[in-house]
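I would like the entire structure built from these sequences, with the hints used as guidance.
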Amino acid sequence: MSKPGTGPESGGKSGEPFIQLLTPAGVRVADPHFDQWLADIDGDRLQGLYQDMVTVRRIDLEATALQRQGELALWPPMLGQEAAQIGSGRALAPEDFVFPSYRDTGVAWCRGAEYADLVKVWRGNAPSSWDPYRLNMAPMQIIIGAQTLHATGYAMAAKFEGAETATVTYFGDGATSQGDMNEAMVFAASFQAPVLFFCQNNQWAISEPVRVQAQRPIADRPPGFGIRSLRVDGNDVLACLAATRESLERVRSGAGPCFIEAVTYRMGPHTTADDPTRYRDPNELEDWRTRDPVDRLGAYLQSEGLFGEEFRDQVRAAADAAAAGLREACTSLPEPGGLEVFDHVYSGPHAVLERQKDHYSRYLAGFEAAEGGR
Amino acid sequence: MTTATTHMTFGQAINAGLRRALERDPKVLLIGEDIGTLGGVFRITDGLQKDFGAHRVVDSPLAESAIVGTAVGMCFRGFRPVCEIQFDGFIYPAFDQLVSQAAKLHFRSRGRVRMPLTVRVPFGGGFGGAEHHSESPEAYFLHTPGLRAVSPSNPQDAFVMVQQAIACDDPVLFFEPKRRYHVKGEVDLEADLAAAPPLEQARIERPGRDATLVAYGPLVPTAREAAEAAADEGISLEVIDLRSLSPLDFGTVAASVRRTGRLVITHEASQTGGLGAELAAGITERCFYYLEHAPVRVTGFDIPYPPARMEQHHLPDLDRILDGVDRVLGRPNSLSGLED
Ligand SMILES: Cc1ncc(C[n+]2csc(CCOP(=O)(O)OP(=O)(O)O)c2C)c(N)n1
Ligand SMILES: [Mg+2]
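Protein chains in written order, with our numbering: chain B, 26 to 399; chain X, 24 to 363.
Hint data in this document are derived by calculation from the structure and do not stem from the laboratory.
Please note that the accuracy of each hint is not assured.
[What the hints assert, rightly or not] Some chain B residues close to chain X (C-beta under 10 Å, calculated; not the full set): (1) 183; (2) 192; (3) 370; (4) 377.
[Stated by the list, open to error] List time: in silico DSSO-like cross-link candidates among lysine-lysine, alpha-carbon distance up to 30 Å: (5) B/184 with X/73; (6) X/73 with X/207; (7) X/50 with B/184.
[Claimed, not checked] Chain X side only, calculated, beta carbon under 10 Å to chain B, not exhaustive: (8) 84; (9) 93; (10) 123; (11) 259.
Bear in mind that the values here come from a model prediction, so they are computed numbers and not experimental data.
Where is the CB? At the ideal position from N, CA and C, for every residue including glycine.
As C-alpha cells, this is what we get:
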C-alpha cells in the first residue's frame, strides 16, 4: 500500500494516514500499488480532469449566484469537493449505477447530466431531475443515508442476476451516523453485494464537526462490518481516481463491498441558506485553501509543462460556456402546469386522486370562465 | 363447468399465492427475517426457499429499514420484491423507507422508476400476543400518497390478492389478519387473476337493507356474525368487506349507504385519524341527504395496545358492533340519552 500522506484533523485524532498521490503543492508522489491504476492518465487526460474540475466549480458558483439572484430557491454548494467527485465520477463505467446525495453535482456532471437537470429541483420546477435510466443514476437523496440502502439492494439484485456491474453510493460524514448507513453495511457484507460506499468526509454536517459523528477515522468503521476500506486524500483527484478504480475492480470481481473515505472540505456554506460564520473558525477555511483540489492539479500540470496559455484559455472558455448554459437552462425552464401535481403519484388510475383532480380542475376552470367573461 | 377448489387455511392460501408469483415472474423475490429455512414465524413462506433458492427467498439480517430500503433498490433494477415484516409493531423502523422513499419515487421520477414492492404485514390482535405483536398500523400508511394498502379477510382473497399486490406497479402494504391465519376455506387455485375483482374494489359480503356495516381484515368474520345475530332480531345488515384500505372504494360503500341510510364502521385500530374517520367523512360528503343518522365508528380505543388479558376490552367484538348498530338505528344502546 501507499506511503501514507498525513491527513488533516478528521474523524478523531489528527494526522491519520491517507492515500495521497499529489501533494498540496502539486508534487506527484509515487505509489507502487495505486500508480498502476493511473497508467492511462497521460497529459490529455490530466488536462481533462482539470477542465472537469474547473467546469463543475464554475457551475457550482453560477448556481450559487442564481440562488442569490432569486432564480433558485436553494443550492447546496460542492465548492472544495471537486477532486473527490470528479476523481471518483470519472472512474465509473456507464453501466454502473449511482445512488447520490444532494451535493454530488460533480458526479452528475460525469454521468452526463444536462444543465437543466442540475437546477430543476432547486428552482422548484420538478420533484427530481435527470432520467435515472439515461444517466444510470438515481434521483438525488435528501434523507440522509437512505440511498445507501437503495444502492445495496440494487447491488444485491445485480448479483442475484449474475451481472458484473458495480453500484456506487455517495454520502457525507454525517450520514455515517445514520441507522440506514450502518444497516447498508451489514446487508452489503452479508450478501457480499457489489457496492462501493463513497463517503465524502467534508468535515461538517451543517454545523456539526465530524468528531461529533465519529471518534475514530470514518474509514476505520467498515472493517468492523467486514468491508474493505480506504482513506484517501479527497482533495487529490489522482488519489480519488486511482482508489475508486481499484475499489470498483474489486467490487466487480465479486470480492464484496468496498468503502472509501475521501477526506475533503466543504469550502462553502452547507447550503445557500446557511451561515457558517456562526460555527466555523475562518482560519480553518484559510488552512484548507492551501490544499485546494483545483490549484493542486494546476500546479502539477504547470510542473509537467501542460499548463500553457492556450490550455488555460480553453478551460476558461469551457467554464464560461457551462455557466452561460446553466443560466440559460435555468431561466428558460417552463413553468409546470397546475394539474401536473396529480401526475405519477401512482402508476395507474386511482379513484380518490382522480376525484380530487377533477374537483380542482373545476375550481380552476371557474377562474378561467370568470376571466373569459370579463 | 365446475371449478375444483382446495380446502386450505388462510396462511396456506398466501403461501400458494406467493408460490404462484415466484413461478410466474423470475423478478419476484421474497425477503425478510426468518422466512427461508424456518418458513417465517407463521410459516407463511414454508417450503419456498427450498423450492426457489436462497436468492429468491432471502433470509435477511435483522433490520426492517434495510429490508424495505434494499427492496427499493431492487425495484430500481426491475425486481418485484416482497418484504415480510415479522409483526405489525416492527414496521416502524422502516417508516422512512416506506413513506419517503418507496411511496415517492414514482412521483419524483415522473413515472420513470417503478416501485412494484409488496410489504406483507401480519397485523392485529386478539390472540394474546406480547407487546408490539398485535398492532394495527394501517392508518399511518393510508395517509401516505403513493402507497396502496389492502387486507384480505378470507383464504380465497388472500390467494388472489397477494398475487395482485405483487403484480401491481405501486408499493402495496399487504395487511394479513394474523388471528385468521388458521381459518379454513375453499380456494380456487386456478383462479384467473385478470378475471378476479380488482385489488381496489370492496365486496358486499352479505346484502342487507337497514344499515351498512363496513369491516376489513380480521373483523370481517366478526361483522358477519354480528349480521347473523342482528337478523335474529329482524335487523338486516349489509356487510361490506373493504379489501382495499387505500384507496378506499367509496363507490361501493356510498351505493350501499344510499340504500340503507346508515353506516357503521369497525376496525381494531385506534380511532383518531383512522380509517373509520376518513370513511365517515367521505361518505358523509357523498351521501349527506341519504343519511338517517351520523356514521358510527366501533373501533379500538385511543390507547397503546393493551396487555393480553386486557385486550378484550380494546377490541371491537360482536356485542360492541351490535351496540353500534343499535346506535345508528336509534334503538336503545349503551349511549342512549347521552349528549356529549
Ligand atoms: C434524515 C435527515 N435528517 C436531517 C436532515 C437535515 N440535514 C440535511 S443535510 C444535513 C447534514 C448532512 O451532513 P453530511 O452527511 O456530512 O453531508 P454534507 O451535507 O456535508 O454533504 C442535515 C442534518 C436530513 N436531510 N435528513
Ligand atoms: Mg459532511
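Chain X contact restraint on residue 377 of chain B - CB to CB distance below 10 Å: holds, 4 Å
Supplied contact hint for residue 93 of chain X, tested at 10 Å Cβ to chain B: The hint holds - residue 93 of chain X has a Cβ within 10 Å of chain B, the shortest such distance being about 3 Å.
Residue hint residue 370 of chain B, partner chain X, criterion CB-CB below 10 Å: For residue 370 of chain B, the interface hint holds, since the closest Cβ of chain X sits about 5 Å away, which is under 10 Å.
Residue 73 of chain X paired with residue 207 of chain X [C-alpha distance capped at 30 Å]: With a Cα-Cα distance of about 25 Å, the restraint between residue 73 of chain X and residue 207 of chain X holds, given a limit of 30 Å.
Residue 184 of chain B paired with residue 73 of chain X [C-alpha distance capped at 30 Å]: Since the Cα atoms of residue 184 of chain B and residue 73 of chain X sit roughly 20 Å apart, the hinted pair holds (cutoff 30 Å).
30 Å Cα cutoff - pair residue 50 of chain X, residue 184 of chain B: Holds. Residue 50 of chain X to residue 184 of chain B sits at ~13 Å (cutoff 30 Å).
Cut-off 10 Å, beta-carbon criterion: hint that residue 183 of chain B touches chain X: Because about 6 Å separates residue 183 of chain B from the closest Cβ in chain X, which is inside the 10 Å limit, the hint holds.
Per-residue hint verdict: residue 192 of chain B, partner chain X, C-beta under 10 Å: holds, 8 Å
Interface hint for residue 259 of chain X, Cβ within 10 Å of any Cβ on chain B: violated, 28 Å
Status of the residue 123 of chain X interface restraint (C-beta, 10 Å, chain B): Cβ of residue 123 of chain X sits 5 Å from chain B, so the hint holds.
Hint check: 10 Å Cβ-Cβ cutoff, residue 84 of chain X to chain B: For residue 84 of chain X, the interface hint holds, since the closest Cβ of chain B sits about 5 Å away, which is under 10 Å.
The structure fails to meet hint 11 from the earlier list, while all remaining hints are met.
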